[in-house]
Amino acid sequence: MFGLKQSPWVIHYDASSCNGCDIETLACLTPGFDVERLGVLNTGDPKHADIFLVTGAANEQSHAVIRNIYDQMPEPKVVVAIGACACTGGIFRECYNISGGVDTVIPVDVFVPGCAARPEAIIDGVVQALAALMDRRKAMKALGKNVDQVLYSRAESADAARILSLQKTAHQQEGTIYGEEHVPGLVQTLPALEVELTQRVFIKATVNGRLVGVARGYAQDRTGFISDVIVHPYFHRCGVGRRLLEELEKALPDMNRFEASIGDKCVESAAWLQRQGYELYKTDSWRPAIARVYFQKERK
Amino acid sequence: MSINSWISLVVYLLAAPLVGGLLVGWDRRISARMQSRQGPPIFQPFYDVFKLCKKENIVVRRSQNYYVALFLVFVIFTGGLFFAGSDLLLVIFALTLAAIFLVLGAYKASSPFSFIGAERELIQMMAYEPMVLLTAIGMYMVTKSFQVGDIAGYHGVPLVFLLPGIFLGFLYTLEIKFRKSPFDLSSSHHAHQELVRGLTTEFSGRTLAMIEIAHWYELVFLLGWVYLFFASMPILGVAVSLLVFVLVIFVDNVFARLKWQAAIRSAWAVAAVLGFGNILILSLLR
Chain A
1 MFGLKQSPWV IHYDASSCNG CDIETLACLT PGFDVERLGV LNTGDPKHAD IFLVTGAANE
61 QSHAVIRNIY DQMPEPKVVV AIGACACTGG IFRECYNISG GVDTVIPVDV FVPGCAARPE
121 AIIDGVVQAL AALMDRRKAM KALGKNVDQV LYSRAESADA ARILSLQKTA HQQEGTIYGE
181 EHVPGLVQTL PALEVELTQR VFIKATVNGR LVGVARGYAQ DRTGFISDVI VHPYFHRCGV
241 GRRLLEELEK ALPDMNRFEA SIGDKCVESA AWLQRQGYEL YKTDSWRPAI ARVYFQKERK
Chain B
1 MSINSWISLV VYLLAAPLVG GLLVGWDRRI SARMQSRQGP PIFQPFYDVF KLCKKENIVV
61 RRSQNYYVAL FLVFVIFTGG LFFAGSDLLL VIFALTLAAI FLVLGAYKAS SPFSFIGAER
121 ELIQMMAYEP MVLLTAIGMY MVTKSFQVGD IAGYHGVPLV FLLPGIFLGF LYTLEIKFRK
181 SPFDLSSSHH AHQELVRGLT TEFSGRTLAM IEIAHWYELV FLLGWVYLFF ASMPILGVAV
241 SLLVFVLVIF VDNVFARLKW QAAIRSAWAV AAVLGFGNIL ILSLLR
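Taken in order, these protein sequences are the chains called A and B. Residues in the first sequence are numbered consecutively from 1, following my numbering. Residues in the second sequence are numbered consecutively from 1, following my numbering.
A portion of the hints provided could be inaccurate.
[To be verified] Below, simulated SDA-like cross-link-like pairs (lysine to any residue); rule was C-alpha separation at most 20 Å, straight line:
1. A/Lys250 with A/Val201
2. A/Lys168 with A/Thr206
3. A/Lys297 with A/Phe235
4. A/Lys138 with B/Asn57
5. A/Lys5 with B/Arg62
6. A/Lys141 with B/Asn57
7. A/Lys138 with B/Ile58
8. A/Lys168 with B/Arg62
9. B/Lys54 with A/Leu252
10. B/Lys54 with A/Leu193
11. A/Lys168 with A/Arg275
Hints in this document: simulated from the structure, not taken from any laboratory.
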């Protein structure tokens with residue numbers, strides 16, 4: 001695990017509270033404590049960070065921000081809740097807008113108590129977080145070999161924003177083939193997706209609470225239409241898509257046959273569908289200059 | 001190409017990442033000491049890069065990673081040309097191409113932060129390009145050759161005595177090229193600034209590690225160029241190159257960031273007065 005332990009980059013967010021822990025956290029960077037001698041770098045960019053330091057209780061306003069920062073951090077990552085408020089809600093616990101500690105929003109690995117937490121305690125928390133970081137890294141490596149740890153469940157309306165960001169990532173190859181404006185998954189807006197979530201069946205695949213794949217479909221005249229199966233590029237070739245498709249077919253009972261359609265130039269997707277037992281049965285032009293191919297499968 | 005240039009090319013390709021990484025480690029250490037802190041171990045940049053290679057690579061568009069890979073390849077190519085003793089003008093154009101690939105990668109990510117970072121990087125390139133070209137021209141006027149090999153083998157007084165203005169102007173462009181204060185407009189090593197991390201905001205994991213390694217290669221190549229000014233006195237040359245590096249760190253810690261208008265105006269003023277003035281005097285003396 002050379003490197004991971006010596007170079008924890010932290011991102012710091014104050015969810016609410018009195019700013020006491022916030023100031024103590026920044027005090028760790030000053031000459032008196034100088035956490036940089038342990039390789040700790042304070043970065044403002046979630047995509048560069050390994051450890052997420054949160055101070056203060058989670059309130060209605062900060063829920064979305066905490067979740068957003070957490071989602072943008074690359075795996076392996078750990079969360080440290082600093083101070084009484086971040087651990088449990090503290091004296092703000094009973095307030096009408098406070099949901100409690102940070103663990104009510106995202107999974108927390110290390111809790112640092114104190115009001116305000118002392119810089120020594122915060123540094124100790126970061127060092128303990130390193131152990132959690134190593135465990136996370138091991139779990140991540142194991143995950144590549146074992147897809148059983150992926151959780152499959154129905155998506156809810158709360159997942160809309162994360163599904164949207166996943167589909168914008170997953171449809172990029174189609175975007176480069178056809179131009180981004182011609183790929184429905186890339187031009188869809190959040191309100192449109194929220195409406196779609198109420199009308200169609202969505203199955204999601206999650207790893208460590210993070211969305212890695214989505215399949216969606218709907219039923220019409222005893223035919224199950226598979227509108228979309230997307231998997232994050234990082235989890236390709238792990239069997240996530242196959243399981244998503246199976247779960248979606250299960251979620252559409254009483255159907256005689258299933259149908260899926262894709263652009264004619266998406267060769268890899270076509271090959272994948274054929275591996276799942278789907279057969280090509282017709283081709284037509286969907287938009288000028290864009291042909292669509294249709295696949296079907298009878299239920300056995 | 002002679003045997004010697006092959007050897008120096010291979011040495012550059014193998015040793016530059018080690019030397020560059022150690023120099024960056026010293027940079028962080030010296031900076032910390034200037035701020036009366038202990039500072040990280042000098043191997044810290046290597047730890048960082050090893051760690052980044054183990055992280056997940058999150059992208060906005062997957063193609064942004066190809067541009068960064070090309071950035072690394074062309075930075076190595078630039079330094080390779082330089083240390084193989086090739087044409088200095090070709091080196092400058094290859095360096096520009098490399099920088100353009102990084103800018104394209106940042107544009108490709110289409111986030112407002114990396115977008116403004118990319119635009120500022122282009123402005124910085126506009127700021128330093130004229131002085132870099134004048135440096136090559138000045139070296140040609142003294143040695144009558146654009147070949148790095150010939151300039152390095154020039155047996156006269158060190159170039160710096162004939163090109164003092166150009167040397168100072170080149171130091172000015174180094175500040176811009178290293179993205180150090182007062183010219184850390186497009187991307188900064190320090191947290192909590194208005195652009196998050198500017199140019200590198202949207203890169204993570206292995207791609208970010210590639211950018212770091214490219215900076216190590218670039219660092220060694222640029223310090224090699226400083227050495228050219230003292231090529232006929234090798235020991236002095238190496239000492240001055242290292243001193244220049246310490247000077248850059250010192251300036252980084254002393255100055256606040258300039259606005260881009262000030263950056264481009266001052267850089268062009270330096271190029272016009274020190275660079276062009278030096279060349280004018282040189283041509284009048286002959």
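Comparing the hints with the structure gives:
1. A distance of roughly 11 Å separates the Cα atoms of A/Lys250 and A/Val201; the hinted pair therefore holds under the 20 Å criterion.
2. At roughly 17 Å between alpha-carbon atoms, A/Lys168 and A/Thr206 fall within 20 Å of each other, so this suggested pair holds.
3. Restraint check for A/Lys297 and A/Phe235: not satisfied, since their Cα atoms lie roughly 25 Å apart, outside the 20 Å limit.
4. Proposed proximity of A/Lys138 and B/Asn57 is supported: the alpha carbons are some 17 Å apart, at most 20 Å.
5. Note on A/Lys5 and B/Arg62: the hinted pairing is violated, with a Cα-Cα distance of about 28 Å set against a maximum of 20 Å.
6. Annotation: proposed proximity of A/Lys141 to B/Asn57 holds, straight-line Cα distance about 14 Å (limit 20 Å).
7. The straight-line distance between the Cα atoms of A/Lys138 and B/Ile58 is roughly 19 Å, inside the 20 Å bound, and the hint therefore holds.
8. Under the criterion of a C-alpha separation no larger than 20 Å, the hint pairing A/Lys168 with B/Arg62 is consistent with the structure, at around 11 Å.
9. Among the hinted pairs, B/Lys54 with A/Leu252 is inconsistent with the structure: their alpha-carbon atoms are about 40 Å apart, more than 20 Å.
10. Simply put, B/Lys54 and A/Leu193 have alpha-carbon atoms about 34 Å apart, too far for the 20 Å limit, and the pair is violated.
11. Simply put, A/Lys168 and A/Arg275 have alpha-carbon atoms about 25 Å apart, too far for the 20 Å limit, and the pair is violated.
Violated hints, in rising order: 3, 5, 9, 10, 11; the structure is consistent with all others.
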